[in-house]
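So the protein lines, in turn, are chains L and F.
The first sequence runs 1 to 578 under our numbering.
The second sequence runs 1 to 578 under our numbering.
Hints should not be assumed to be uniformly reliable.
Note that identical chains are pooled: a pair holds if it fits in a single copy or bridges any two copies.
[To be verified] Here are the simulated DSSO-like cross-link-like pairs (lysine-lysine), alpha carbons at most 30 Å apart as the crow flies:
no., residue 1, residue 2
1, K161, K148
2, K157, K420
3, K148, K196
4, K420, K290
5, K361, K420
6, K65, K148
Derived by calculation from the structure, the hints in this document are not laboratory data.
Here is how the chains run, residue by residue.
Number of protein chains: 2
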Amino acid sequence: MYVSMESFGLQPDGGEDAALAVLRAIDYCRGIPGATLVFPEGTYHFWPEKALERLYYISNHDQEKTRKIAFPLIGMNGFTLDGQGSTFMMHGLTTPFVIDNSSDITLTRFTIDYERSTITQGTVVQADESGFDVSISEDYPYEVSSGKLIAVGEGWKEPVKGIIVMDPHTKAPKQGSGDILMWGYYDRGTVEESGKRRIRYSGFDHYSPENGDIVLLQSGYRDCPGIFVNNSRNILVEDVDLHASIGMGFIAQNSEYLHLRAFNVMPRPHSDRLFSASADATHFVNCQGKIELENCLFENQMDDPCNVHSIYAQVSERHGEDLLCRLVHPQQRGIQVFHPDDRVRLVRNDSLLPYFESQVKAVRAINAEYMLVELEAPLPADVNGGDGLENLTRTPDLHVHGCVARANRARGFLITTPGKVLFEGNVISTPGAAIKISGDANYWFESGAVRSVAIRENVFEDCNYCYPFWGRGIIDIDPEITNPESFEGRYHENIAIERNLFRTFHPVLATGHSIAGFTFTNNVVELSDRYRQADELPYVIDLKACSYVEVSGNRCQEGVLVSRINGKEIQQLAAVKE
Amino acid sequence: MYVSMESFGLQPDGGEDAALAVLRAIDYCRGIPGATLVFPEGTYHFWPEKALERLYYISNHDQEKTRKIAFPLIGMNGFTLDGQGSTFMMHGLTTPFVIDNSSDITLTRFTIDYERSTITQGTVVQADESGFDVSISEDYPYEVSSGKLIAVGEGWKEPVKGIIVMDPHTKAPKQGSGDILMWGYYDRGTVEESGKRRIRYSGFDHYSPENGDIVLLQSGYRDCPGIFVNNSRNILVEDVDLHASIGMGFIAQNSEYLHLRAFNVMPRPHSDRLFSASADATHFVNCQGKIELENCLFENQMDDPCNVHSIYAQVSERHGEDLLCRLVHPQQRGIQVFHPDDRVRLVRNDSLLPYFESQVKAVRAINAEYMLVELEAPLPADVNGGDGLENLTRTPDLHVHGCVARANRARGFLITTPGKVLFEGNVISTPGAAIKISGDANYWFESGAVRSVAIRENVFEDCNYCYPFWGRGIIDIDPEITNPESFEGRYHENIAIERNLFRTFHPVLATGHSIAGFTFTNNVVELSDRYRQADELPYVIDLKACSYVEVSGNRCQEGVLVSRINGKEIQQLAAVKE
Numbered sequence: 001m002y003v004s005m006e007s008f009g010l011q012p013d014g015g016e017d018a019a020l021a022v023l024r025a026i027d028y029c030r031g032i033p034g035a036t037l038v039f040p041e042g043t044y045h046f047w048p049e050k051a052l053e054r055l056y057y058i059s060n061h062d063q064e065k066t067r068k069i070a071f072p073l074i075g076m077n078g079f080t081l082d083g084q085g086s087t088f089m090m091h092g093l094t095t096p097f098v099i100d101n102s103s104d105i106t107l108t109r110f111t112i113d114y115e116r117s118t119i120t121q122g123t124v125v126q127a128d129e130s131g132f133d134v135s136i137s138e139d140y141p142y143e144v145s146s147g148k149l150i151a152v153g154e155g156w157k158e159p160v161k162g163i164i165v166m167d168p169h170t171k172a173p174k175q176g177s178g179d180i181l182m183w184g185y186y187d188r189g190t191v192e193e194s195g196k197r198r199i200r201y202s203g204f205d206h207y208s209p210e211n212g213d214i215v216l217l218q219s220g221y222r223d224c225p226g227i228f229v230n231n232s233r234n235i236l237v238e239d240v241d242l243h244a245s246i247g248m249g250f251i252a253q254n255s256e257y258l259h260l261r262a263f264n265v266m267p268r269p270h271s272d273r274l275f276s277a278s279a280d281a282t283h284f285v286n287c288q289g290k291i292e293l294e295n296c297l298f299e300n301q302m303d304d305p306c307n308v309h310s311i312y313a314q315v316s317e318r319h320g321e322d323l324l325c326r327l328v329h330p331q332q333r334g335i336q337v338f339h340p341d342d343r344v345r346l347v348r349n350d351s352l353l354p355y356f357e358s359q360v361k362a363v364r365a366i367n368a369e370y371m372l373v374e375l376e377a378p379l380p381a382d383v384n385g386g387d388g389l390e391n392l393t394r395t396p397d398l399h400v401h402g403c404v405a406r407a408n409r410a411r412g413f414l415i416t417t418p419g420k421v422l423f424e425g426n427v428i429s430t431p432g433a434a435i436k437i438s439g440d441a442n443y444w445f446e447s448g449a450v451r452s453v454a455i456r457e458n459v460f461e462d463c464n465y466c467y468p469f470w471g472r473g474i475i476d477i478d479p480e481i482t483n484p485e486s487f488e489g490r491y492h493e494n495i496a497i498e499r500n501l502f503r504t505f506h507p508v509l510a511t512g513h514s515i516a517g518f519t520f521t522n523n524v525v526e527l528s529d530r531y532r533q534a535d536e537l538p539y540v541i542d543l544k545a546c547s548y549v550e551v552s553g554n555r556c557q558e559g560v561l562v563s564r565i566n567g568k569e570i571q572q573l574a575a576v577k578e
Numbered sequence: 001m002y003v004s005m006e007s008f009g010l011q012p013d014g015g016e017d018a019a020l021a022v023l024r025a026i027d028y029c030r031g032i033p034g035a036t037l038v039f040p041e042g043t044y045h046f047w048p049e050k051a052l053e054r055l056y057y058i059s060n061h062d063q064e065k066t067r068k069i070a071f072p073l074i075g076m077n078g079f080t081l082d083g084q085g086s087t088f089m090m091h092g093l094t095t096p097f098v099i100d101n102s103s104d105i106t107l108t109r110f111t112i113d114y115e116r117s118t119i120t121q122g123t124v125v126q127a128d129e130s131g132f133d134v135s136i137s138e139d140y141p142y143e144v145s146s147g148k149l150i151a152v153g154e155g156w157k158e159p160v161k162g163i164i165v166m167d168p169h170t171k172a173p174k175q176g177s178g179d180i181l182m183w184g185y186y187d188r189g190t191v192e193e194s195g196k197r198r199i200r201y202s203g204f205d206h207y208s209p210e211n212g213d214i215v216l217l218q219s220g221y222r223d224c225p226g227i228f229v230n231n232s233r234n235i236l237v238e239d240v241d242l243h244a245s246i247g248m249g250f251i252a253q254n255s256e257y258l259h260l261r262a263f264n265v266m267p268r269p270h271s272d273r274l275f276s277a278s279a280d281a282t283h284f285v286n287c288q289g290k291i292e293l294e295n296c297l298f299e300n301q302m303d304d305p306c307n308v309h310s311i312y313a314q315v316s317e318r319h320g321e322d323l324l325c326r327l328v329h330p331q332q333r334g335i336q337v338f339h340p341d342d343r344v345r346l347v348r349n350d351s352l353l354p355y356f357e358s359q360v361k362a363v364r365a366i367n368a369e370y371m372l373v374e375l376e377a378p379l380p381a382d383v384n385g386g387d388g389l390e391n392l393t394r395t396p397d398l399h400v401h402g403c404v405a406r407a408n409r410a411r412g413f414l415i416t417t418p419g420k421v422l423f424e425g426n427v428i429s430t431p432g433a434a435i436k437i438s439g440d441a442n443y444w445f446e447s448g449a450v451r452s453v454a455i456r457e458n459v460f461e462d463c464n465y466c467y468p469f470w471g472r473g474i475i476d477i478d479p480e481i482t483n484p485e486s487f488e489g490r491y492h493e494n495i496a497i498e499r500n501l502f503r504t505f506h507p508v509l510a511t512g513h514s515i516a517g518f519t520f521t522n523n524v525v526e527l528s529d530r531y532r533q534a535d536e537l538p539y540v541i542d543l544k545a546c547s548y549v550e551v552s553g554n555r556c557q558e559g560v561l562v563s564r565i566n567g568k569e570i571q572q573l574a575a576v577k578e
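Please take these sequences and the hints and turn them into a complete structure.
This is the structure in structure tokens:
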């Protein structure tokens with residue numbers, strides 16, 4: 001059944017606050033499984049004032065906050081939203097989409113944008129030895145107070161916490177910049193007003209952008225992801241563009257069967273904007289079933305295009321047969337990591353290797369940080385505080401194909417799932433590693449070990465141009481194990497890299513450790529001169545604490561391409577078995 | 001069935017964090033209707049770290065925050081907690097008790113206290129023309145930063161927002177002080193460190209405390225009421241002392257049949273503390289059934305001993321047959337004011353008089369501020385934005401007897417309920433009005449009009465000694481109606497004040513307007529010299545826009561006691577009918 005927004009008194013391009021009319025239309029559609037809510041093409045505006053409010057703990061976002069939601073798709077079973085090409089323009093701290101406790105949802109044919117996101121864009125003018133001026137257009141209100149720059153939006157103010165330097169020619173992060181003016185580095189500088197819509201930075205002795213560089217001044221809020229999916233299944237997002245979000249473009253947790261087809265995170269077209277989402281383009285936490293990213297564009301977002309992982313809870317204390325577990329990372333707090341019947345295992349803090357496996361019998365959430373977990377099997381005597389408890393059930397398969405990722409800050413695809421991973425036919429050009437396969441139980445607490453990863457027939461175009469900020473190799477496999485050679489077991493298994501084209505100025509193709517089963521076969525390597533090469537050329541493939549390694553059938557241009565496998569140097573990429 | 005805390009591994013006076021053991025004991029008792037959880041006598045400590053966390057919107061407290069709860073009595077039906085004389089000592093921002101969605105709960109024989117509340121106590125030394133020093137003991141950590149004083153607790157810091165000046169002889173607010181160094185007045189001053197554990201205030205040109213005065217420096221948090229009751233029925237709190245809370249002592253909303261017997265809000269005995277709760281001692285919002293306060297002591301809390309009211313929602317817009325209503329006061333946001341089948345009425349913004357009555361059919365909460373309300377009857381054509389929507393169902397009867405209230409900041413008993421009110425046999429000595437009967441739909445939004453109030457056989461001892469800060473008459477009836485004489489209808493009805501003893505230096509016994517049915521009969525008035533009298537003596541009873549007034553049979557000492565009833569001056573209190 002088709003339901004038109006016009007029957008709820010909302011006209012396209014009317015300029016009024018659409019939040020209440022949309023809420024009423026969604027309430028109406030909730031009673032009609034299979035309903036399609038249709039928007040006549042136009043621009044619709046959303047303010048937080050009369051938007052539905054809910055408390056959600058959203059992984060990797062700011063926690064313990066209620067959020068105002070433009071499209072609260074809560075408890076919907078069988079629902080399609082067809083924007084027919086409309087633009088949904090957000091104002092203030094409005095979260096565009098929440099899909100919660102829902103199934104069989106399709107979102108299609110619309111654009112999400114913000115009138116003012118938390119990125120402030122400016123142009124560097126008058127850079128000299130003592131500092132540099134930034135000219136900022138009226139689209140980005142700000143204040144300067146006590147030497148600090150504060151971004152100002154509708155109903156919010158937030159200090160700027162870093163500068164991302166963009167190259168005006170490539171429209172991407174500038175080689176040599178990386179995070180060199182972010183966070184702690186940023187705090188070294190001070191700001192003063194130096195003219196109308198003009199500020200001057202000084203105090204950065206370690207780096208300066210140049211005249212003409214574009215700077216993206218990032219504020220800290222991560223309140224409003226574009227689309228948040230919680231506890232839901234069978235979600236299709238198709239032909240949706242996201243030009244801005246205050247947080248990630250798409251974030252799903254505890255959900256299954258998620259398909260993004262032509263979900264394009266990219267700057268607003270026909271504008272001078274060089275930013276899209278203010279954090280990752282897509283992120284999947286504790287999901288299961290299958291995740292498919294198909295023909296998506298991930299461009300100019302302020303963090304990685306994709307991250308798939310679950311969460312290590314840290315064992316705090318044993319209470320009889322209950323484990324008191326803690327979610328250590330502040331942005332993971334409040335996430336329901338374990339559910340009755342989930343398969344789980346305990347891993348050691350240092351090796352990340354498992355030593356006990358069972359099923360969850362009961363979970364008692366205490367607060368956002370702590371929970372009591374009871375398992376079906378009796379606990380082993382040697383369970384230690386600091387060890388990790390990992391969910392084996394909530395580990396999805398992942399299929400990424402036909403996607404393009406480029407010009408963002410940071411890395412490419414972060415893959416930490418034991419499910420079957422197929423990464424094929426993508427074109428990647430990221431300032432850090434294009435693919436990162438990590439896992440750690442001490443800082444980010446992102447689990448778990450991979451079991452089957454195929455990376456094939458992709459094009460890696462001049463990745464890692466902000467080396468050494470965001471990765472070592474173009475494919476970087478670096479679980480956080482301090483002394484990998486001191487353990488016999490291998491954390492990751494079965495990573496096959498085949499038939500890819502590496503067109504690269506930075507010929508460090510793969511780095512890694514703690515892998516059983518690594519093949520690098522039938523790839524083509526072409527050297528490029530698009531960026532300056534580092535003075536010292538590291539190993540083209542550099543692996544340690546690895547077993548079952550095969551490197552064979554690769555074609556590469558002339559040049560010294562030396563690899564190192566478990567401490568042994570090997571010339572060229574032709575044929576190695578270890 | 002008796003359950004001892006010892007079976008959960010908790011020893012009295014053990015010093016450890018009791019939160020997790022208490023949570024497990026409560027979880028256990030939830031399965032045993034009628035259980036009594038018994039604490040071996042001793043002191044038990046509670047930190048927030050491992051305490052249960054929930055989001056609650058608590059009326060008249062800080063909103064949109066999750067709270068960590070020491071005793072989360074959620075979904076309990078038939079439960080007694082017997083402390084056997086124990087002390088529950090709170091640390092950091094821990095909320096002691098939440099009773100939510102529960103029935104038939106008894107709390108008895110314990111003390112609630114905080115190691116460090118948000119009140120910082122000090123002694124004035126070296127007061128002179130330019131300012132005054134305050135000596136602060138090590139019990140109250142603080143910082144001075146940019147001319148501001150910041151109270152420091154376990155895990156929190158909060159700027160001081162005002163000074164309450166206490167008389168070292170009476171241990172009560174000092175005559176002439178009131179709120180004269182609070183909020184905006186406080187912001188005129190600055191602070192600097194003037195020695196070890198010593199600060200100096202300057203910049204208050206309008207008032208200074210004197211050497212030896214005790215000052216209570218109040219920070220703003222209202223996060224942790226002592227006992228919060230939500231959506232529950234049949235609650236008895238008996239023989240419970242509360243020495244500190246970061247918020248109110250007891251606050252109930254949307255609950256019924258609440259009985260406080262010997263619930264004593266008072267400073268920690270055998271200490272030099274002159275403060276108890278940091279806000280009202282008790283507060284009841286949108287309750288129904290009966291509220292009984294019996295033999296309670298309300299002493300030295302930083303706001304009124306008791307306030308009973310419902311909430312006017314403001315009509316924002318009409319949407320067809322739905323009313324979009326708004327909770328305007330920030331501390332009322334998120335409270336579920338209306339429920340299906342509640343009887344409600346619309347009142348005019350200026351007169352507060354009703355013009356339409358119906359029943360609630362459906363409520364759609366949108367966010368903490370807005371809701372859509374659908375009524376059973378068709379809406380009248382002349383419903384206006386700004387009018388109030390009032391709940392007539394959630395209006396409790398109130399019986400206050402045998403209570404003592406004294407030495408607190410602000411007023412006495414605030415009564416705004418159409419239920420039957422009986423206030424008898426209490427002893428009240430408050431710095432403002434002893435009883436205040438108000439109602440307003442423009443600032444506090446506290447409803448509703450009284451229908452039957454009997455105030456009899458109480459002793460009012462030198463109330464209003466901080467006049468003019470917190471009331472006009474000892475009994476002050478002041479609904480917020482700007483031009484009461486311009487309306488024929490009367491807001492309040494049937495207030496009978498009889499057989500009370502007013503022993504008072506300030507012979508303004510009753511002030512009021514907009515009342516139909518006011519009797520002041522057979523009271524005794526004795527003049528006291530405990531405080532300085534105001535130079536100009538106002539009317540002893542001062543009423544306007546009142547009907548059915550009777551003043552008769554009162555006995556009073558010699559002296560000119562002139563009343564004014566609807567503009568007419570009347571000598572003495574002997575016999576007036578109007």
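What label fits K65 with K148 when the C-alpha limit is 30 Å: within, between, both, or neither? both (25 Å within a copy, 28 Å between copies)
K361 and K420: within-copy, between-copy, both or neither at 30 Å Cα: For K361 and K420, the Cα distance is within 30 Å only inside one copy (27 Å; across copies 52 Å).
Within a copy, between copies, both or neither: which one fits K161 and K148 at a CA-CA cutoff of 30 Å? both (9 Å within a copy, 26 Å between copies)
Please work out whether the CA atoms of K157 and K420 approach to 30 Å or closer within one copy, between two copies, in both situations, or in neither? Intra 43 Å, inter 49 Å, cutoff 30 Å: neither.
Can you tell me if K420 and K290 fall within 30 Å by alpha carbon in one copy, between copies, both or neither? Close inside one copy (9 Å), not across copies (63 Å); limit 30 Å.
Pop the pair K148 and K196 into one bin, within, between, both or neither, using alpha-carbon distances up to 30 Å. The answer is within: 17 Å in one copy meets 30 Å, while 33 Å across copies does not.
Hint compliance for this structure: hint 2 is the single one not met.
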